[in-house]
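Engineer: Sequence:
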Amino acid sequence: MAMGVESSVVRSEVLDHDRVRWGPIIAGLFVALSSQLVLSALGAAIGLNVLSSSGAPRSNANEVGTGVAIWAAVSLLISLYLGGLTVGRGSLPLSRGAAILNGIVLWATTLALGSWLLSGGVSGIFGAVANNAGEIAQTVQQAGTDIGQAAQQATQTAAPPSANQVRNIASAGATTGWSFVFGSLLGLAASIFGTLSGNKKRVVRSQVIDNRPYS
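All the letters of the sequence shown, read from the start, carry residue numbers 262 to 476 under the numbering used here.
For the record, the hints were derived by calculation from the structure and aren't laboratory data. Idealized CB from N, CA, C, for every residue including glycine. Worth double-checking, as some hints may not be accurate.
What the hints assert, rightly or not - Pairwise CB distance ranges, derived in the manner of DEER restraints:
id, residue 1, residue 2, range
1, 302, 438, 24 to 30 angstroms
2, 446, 380, 20 to 26 angstroms
3, 380, 311, 31 to 37 angstroms
4, 458, 303, 20 to 26 angstroms
Using the sequences and the hints, build the whole thing.
Structural biologist: This is how it looks when you write it as structure tokens:
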């Protein structure tokens with residue numbers, strides 16, 4: 262009677278799934294927007310409190326305004342990081358590339374939703390994303406309107422606008438545009454970093470198949 266040799270086979274399977282996880286992205290979106298709302302309100306409250314208790318409120322108004330603006334930018338980065346962290350922790354394990362992709366989608370969704378809310382008249386409620394987008398569009402549009410009006414007045418009165426006026430208008434629009442681009446890229450980095458920080462390791466399932474001795 263022949264007796265077989267007992268052997269074991271280990272089979273590993275990597276559990277794959279969709280690369281874009283919309284459920285966690287939507288959750289991260291609400292976390293980012295809510296965090297931005299609370300942090301912006303906190304910064305505004307502190308700034309106004311400092312200004313109200315100041316002995317020279319008009320002299321300190323510029324400093325307080327600068328501090329509030331800086332805090333708004335910092336709170337935007339914190340909010341996008343928390344949103345990305347929510348995406349990473351709420352998703353099934355993602356590869357590094359998939360985690361980066363989900364962070365990008367979160368950032369883009371936040372920016373798009375903020376712009377849509379702004380166009381619907383909900384300006385300033387959901388933080389710097391919507392505000393900055395509106396300021397950019399308004400500044401660029403206003404710059405073009407001012408230049409057009411200046412040119413029209415120059416044609417009518419035969420007195421062209423000064424070079425300094427044109428430079429100042431163009432410089433203001435360019436500065437606002439570059440600030441928005443730089444802030445958006447920082448927000449993108451914060452969203453990606455948060456998603457990578459919250460991402461879990463991929464699940465590898467091992468199954469041992471035993472072949473019992475046979476006769």
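Engineer: Honestly, which of those hints from before does the structure not fit?
Structural biologist: none
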